[in-house]
Structures are given as C-alpha cells and as structure tokens.
Amino acid sequence: MFDLLTAKFEDLFYKIRNKGKLSPNDLDSALREIKLALLEADVNFKVVKEFIENVKAKATGEKILESLTPYQHVVKIVNEEIIRMLGSSSGGISFASRGPTIIMTVGLHGSGKTSSVIKLANFLKTKFQKKVSVVAADVYRPAAVLQLEDMAKNIDVDVYSENNSDPVSISVRGVELFKKSGSDVIIIDTAGRLHIDENMMDEIANIRNKTTPHQIYLVLDAMTGQEAVNIASSFNLRVGCDGIILTKLDSDTRGGAALSVYYVVKKPVKFVSNGEKIEDFDIFYPDRIASRILGKGDILTLIEKAEKVVSEKEAKRIEEKIYRNELNFEDFVAQIRSLKKMGSIDKIFSMMPIVNKSKIFKKVNLDDSHLSHIEAIINSMTEDERRKPHIINGSRKKRIAKGSGNSVSEVNKLLEQFSKTKQMLKQFSGLKGKFNLPPGNF
Amino acid sequence: MQKLIKNLSYIWNKFKNDRKSFWDELEEQMVTSDISINTASRILEEVKDYVYRENINNLEKVKSSLKQQIIEILKCNGDSKLNISSRPPTVFLIVGVNGVGKTTSIAKLANMFKKNGKKVLISAADTYRSAAVEQLQYYAEILGMDMVYHQKFSDPGAVVYDSVEKAKARGTDLVIIDTAGRMQTSYNLMEELKKIKKVICRRIDREVDEILLVMDSTTGQNARNQAELFNNSLSLTGIILTKTDSTSKGGIVITIKNDLNIPIKLVTKGEKLEDICYFDPVRFTELIFS
Chain A
1 MFDLLTAKFE DLFYKIRNKG KLSPNDLDSA LREIKLALLE ADVNFKVVKE FIENVKAKAT
61 GEKILESLTP YQHVVKIVNE EIIRMLGSSS GGISFASRGP TIIMTVGLHG SGKTSSVIKL
121 ANFLKTKFQK KVSVVAADVY RPAAVLQLED MAKNIDVDVY SENNSDPVSI SVRGVELFKK
181 SGSDVIIIDT AGRLHIDENM MDEIANIRNK TTPHQIYLVL DAMTGQEAVN IASSFNLRVG
241 CDGIILTKLD SDTRGGAALS VYYVVKKPVK FVSNGEKIED FDIFYPDRIA SRILGKGDIL
301 TLIEKAEKVV SEKEAKRIEE KIYRNELNFE DFVAQIRSLK KMGSIDKIFS MMPIVNKSKI
361 FKKVNLDDSH LSHIEAIINS MTEDERRKPH IINGSRKKRI AKGSGNSVSE VNKLLEQFSK
421 TKQMLKQFSG LKGKFNLPPG NF
Chain B
443 MQKLIKNLSY IWNKFKNDRK SFWDELEEQM VTSDISINTA SRILEEVKDY VYRENINNLE
503 KVKSSLKQQI IEILKCNGDS KLNISSRPPT VFLIVGVNGV GKTTSIAKLA NMFKKNGKKV
563 LISAADTYRS AAVEQLQYYA EILGMDMVYH QKFSDPGAVV YDSVEKAKAR GTDLVIIDTA
623 GRMQTSYNLM EELKKIKKVI CRRIDREVDE ILLVMDSTTG QNARNQAELF NNSLSLTGII
683 LTKTDSTSKG GIVITIKNDL NIPIKLVTKG EKLEDICYFD PVRFTELIFS
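Protein chains in written order, with our numbering: chain A, 1 to 442; chain B, 443 to 732.
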C-alpha cells in the first residue's frame, strides 16, 4: 500500500536532496508534487488543501539553514504533518475496566466486516489471551451467519445466532448470554448498510442503545475514494464511532482514506487488515505509516512481525553471521521457513527501508511459490555445500539441479541471488546498530 | 449517484472576474468525484479550448460542452450490450476484488436473463470464501436455477469444467461463473483466473463471451489499477458498476473508459434482484449533472 505515494515522495526528495539551499521555486514545485501525489492517493480534497498550506507555512516560517539541510527540513515537516493527519496516538484497544468489553462493528456492504470481526477476535485471543465471543446480527445477506460461524469454528470462538429474528433482539440476547458465560470480549457483527439509509442507520443506533458497546468500530475499505470522509462522518454522527478498522491494505491502494478520515472526523484508525490469512491483522501505527510514505520503510512493524516467529536468540545468531559475512544456505532455508510464517514475501519487502525498492527488486521474483523451488534446491545440497556455498562448482551444480528437478541456470540464479543478499544484508546491518531482525532472503 | 459538480451556477459567477479560479474549482469538483487528475484536466482542456475559441459567455453552453466531453469518453464504439453466442452455452466470467458485490450481481444478472426466458446455470467457482457457495445457492433456489458446485477449497478450474459440460448436456443457454474475490496485485490468484479462462475457452472452443469486472462505485483512484491489472491478465470485455445508490459520484468509470477503454456495461444498486440495468452513457451523464 501507499506504493505510489512513497514512490512520488522518493522522487521528489531525490530532486531536492542534493541542493544546499531551498529556493521558493523549489518549495512550490515540491508542494505541487505533494498535492498531486496526495490527491491521486485518494486523500480528501479539503484535507490536501490544508495539508499543503500547513507545510508551506511551516517551511517558510521556520529558519531553514540552522541545523538541517533543506532536504531534511522538508522531510521533517512533511513527516510531522502526515503523522498529524493520521492522528498522533497509535491504534489498539482499551478494555472495559469491569465486565466484558462489548465491541460493535459497522460499515458499508463489502467493506470486510465479517472477516475483520474474525481477525479481531483471533488477535485479541492470541495477543491478549481473552475469551472472545461473536454475535451474528447480519440477518440480511444470504449465508452471512453461516460465513461467520464457519470462520469462527476455525479459531475456536463461540457464535450466537438466531433464525427468523431481528438484529436488535439477537444482539441483546447474544450479549446477555455471553455476559453470563464469562466472555472477556463480545463482538457484534452487523450487516453492511449505506450510510444514507435512514432505517438501517436507525437499526444500528438501536442495537447500540440496547447493548451499550464500549467500542464501536467503523470498518472501512482502504480503497475507498473521496467519499470516505462522508461515510465516516455519517456513521460517526448516527452511532458515534470510536475508531476505524482499515481493510484490504494488501492491495496496491495508496490508502489516502486513512489520511483523511482522522483529519476530518477525528477518529483514529485502530487496526489494519491486510491479507487473506486470519493473522493478517495488526494495530495501526501512524508514525510507522508516515515514515513508510516517506520511503523510510516500516521497519518497526517488520521487526515486530519477525519477533513473533523468530526467537531472539536465533535472530542474534543470524545477525552475527551477517556481520561476519558468514551467512550460509542452512540459515537461508531456516529463514525461508520463518518468512513463510510471516506472510507473503512481497509484503515483507514492502516494509523494508530501502530506497528505490522497485529498482533493486525488479530482477527478483517475489512470488511465494518461488520459495518452494528455492527450498527444493537447497534441500538437494549436501551439508557441506549448504555450510560453505563457495565450494559449489560446475559438477555439483549439475547434481543439485537434477536432484531438485530444476535447471542449472536456476541453481546459478539462486547462488547469485544469495551472494547479493549477503552483500545487501551486510549493508543493512551496518545501517542499523541493533537489528533483531531475521534477514529477508535474497 | 450524486451530482458531479455542486453549485455549478455559483462557481460560474467567478467566471467573469477570475477565470482561472473558475477552472480550478471545476477541476477540484471533478477530482472530488474520483475522476483522476489526468482525466479531469483532459476534459477541461477540451472545454476550455471550446470556450475561448468560440468566445462563450454562457453557463448552459459550458455545461453542455462538459457533458458532451464526458459522453464522448463514455460512449462505446461497438455495442455495449452483452455478447450472446450463437453457439450456446454463452459463458460469462465474473471477477473482481473482495467485497465489491460479485455474488449479488450474478444473482441479478441471472434473474435478468431468466426473465427473458433463458435457461441459466450458475457456476460456484468461489471455492475459497466461507459460505460463498451457500450464498449463491440461496439465490439459485429462489430463482429456480441450476447450479454447479464442488467441495470447499477444491479446484475452481474443475468446477468451471463441470459447469460448462453440464450446460452443454442440458442445453443451457447461459453459464454465469462466480469467482472468489482477489486483489489485483496477488500474482497467484490472478494466474488462477487465467487458468479458469483457459479451461472455458477450451470447452467452448472460442473466447469467453463476457469477462466482466465487478467494481464498487465508492472505490477511489485504485479502481483504475483494478481495471488495468485484471485487464492485463484476462482482457476484460466490460465492467459492472455496483452500489450506485451510494453517495459516491462514480467518477472512476470516466477515468477507466478514458485511460483503458474498457466499457461499462451494467449498473446495479440495492439488494433487490431487479436492481440492474444496462449502462447508458447519456443517461449517466444527465444524472451526474441533474
């Protein structure tokens, strides 16, 4: 996500970074680029206008040549402004001080409510060890209840549903039942509705009045256009939202909706959902996204993700090996396995702080199925070869290729990618002092 | 659908004193309806050209020039109606990202053809999403239509193969294939669609009659990426624009037609099965200017 926005900013800052001085013309052309980039990213028009004015006022109002280069100065201002637009506090959840926390999710049709409910339930269950239950209040969409029940079964979460009943009564009875049965968190999944449909909006207002949820989340599709702010304000006005769950961030959307919604409605994005897997769900961190837009990469998110699957000790060991340039294929295959646990490869790469990602990775196939090929090649190596890749000569290559069902050129490609990765990781670890991160492979 | 340009007559007052701010405001309004900046400025260049060349001083004329430009973009060269094969079964493949309304659109489409006396078979090739088959089954039952489905997580290609074969055996007129929602950026899932397309082509011995991308009208600039990437993989024949009862202005369709020349074929709204109709560029344009 935010790909193009990032690319545009990178271009822009590349243009000005080498200049010692920022002329009013430079500033104007920089601001014009930023304006267009934000608009193409679906940031609301009014928000863009204010953003540009703020940056301009700050850039001209402050003394530029004190301690920072003009480049650093503009980066600093743009960065600060974007964080401000995204809300200064990070996402997450606060639980009710007494009794179960009741959460209601609302949103348009197809925004991803049901998937988000399940992902949120799973997140609270695994991260906070909460007992989570779900109430199925979507009686309109055919098989909606079935979908919820089916998905809930996979994560071992109870669902309350009723046939031939209305959403308000179902919600009331469901919440009552789960309160008694000792749930820590009760999530009500409501039907999708248009924010201008008075009757349907009355319905969720009713559910809210009768169940008094602690948190009401608006589920918003990250690909939403200029309407995002109107959708958010309507829901906020009628039922009062506490936050946003931003979905479908695994697309190439530039996600401007995230930028404008907080700015206009003053409701923060709490969680993001970014993939088909149940684990593809996380707390939203504005500062990280801002630095990602600016091309610095979302290294913190990556580290956190990595920590979930790689033990610290293992990471330390790898880190040392990178320093000494001793990384071998045994580490490599171990990394491939943990990478697979972290999610798709291109997703992980998109979080790395590398300028001009597209240039570096154009040659590299970031397809997940590719990983299995690589694993097969490595598995066909002898222990010695894996530990000391440099001994792999022509005849060894032939044997490995044959053993893994690949061509020699495929083996060559892997060896080449591997040595490049080693170099890259070396650079990488030089940049960051403490780098508890499993290296991305090739 | 909402108006493309709010308070056009109010903005018009600026024209006499400050032309630049009139054009700027017009562009701003167009971008606010999710038209891309490139498309908006292309349209405005033409209108400006006309206004200065003919020395126009009348709001109605500016308005009609603007309308004309948009109709020109949206107009199809050929027929915008759906392609029905002379060698049945006709096959429609329905694709799109998650949550745009594929399944509901299929029910509406099936209903439309059934009313015209056609025998329709629905193919449940979304074997991934929980309860996707059951949702489709619900519609197939109320419409009294054949449906082919396999077990969850089975190969969608096999479902499609079966569907076309059954349709042939039963003398079905039309097969409509539902596919799982997928992000246009997902390499593997786009490959899967290519494979499905290949299976159909081989079974009917011609190109798929319609490959329709379902698109949510509240989508912003990403709609263009969706259309472009799905088109690259599948060569789309058209777009179904859904949820047009929302407040969005659906400006994306203008951008997509302008940039990629993919026609909008159908428009849907609401939850009733009857709420589907063919896209009419003139009526659409009148609507966003009403």
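Treat the hints with care, since some could be wrong.
[Said to hold, decoys possible] Computed list of chain B residues with no C-beta within reach of chain A, every gap over 10 angstroms: (1) Glu496; (2) Lys503; (3) Cys643; (4) Arg648; (5) Gly680; (6) Phe731.
[As the list claims (entries may be wrong)] Computed, partial: chain B to chain A, Cβ under 8 angstroms: (7) Ser463; (8) Phe464; (9) Glu467; (10) Thr474; (11) Ser478; (12) Gly541; (13) Ser572; (14) Ala573; (15) Gln577; (16) Asp658; (17) Gln663.
[Stated by the list, open to error] Below 27 angstroms or equal to it, Euclidean Cα-Cα: the simulated DSSO-like pairs (lysine-lysine) are: (18) A/Lys277 - B/Lys594; (19) B/Lys636 - A/Lys35; (20) A/Lys49 - B/Lys636; (21) B/Lys636 - A/Lys277.
Hints listed in this document are in silico derivations from the structure and should not be mistaken for laboratory results.
Idealized CB from N, CA, C, for every residue including glycine.
Checklist entry - If you check each hint against the structure, which ones fail? => result 7, 8, 9, 19, 20
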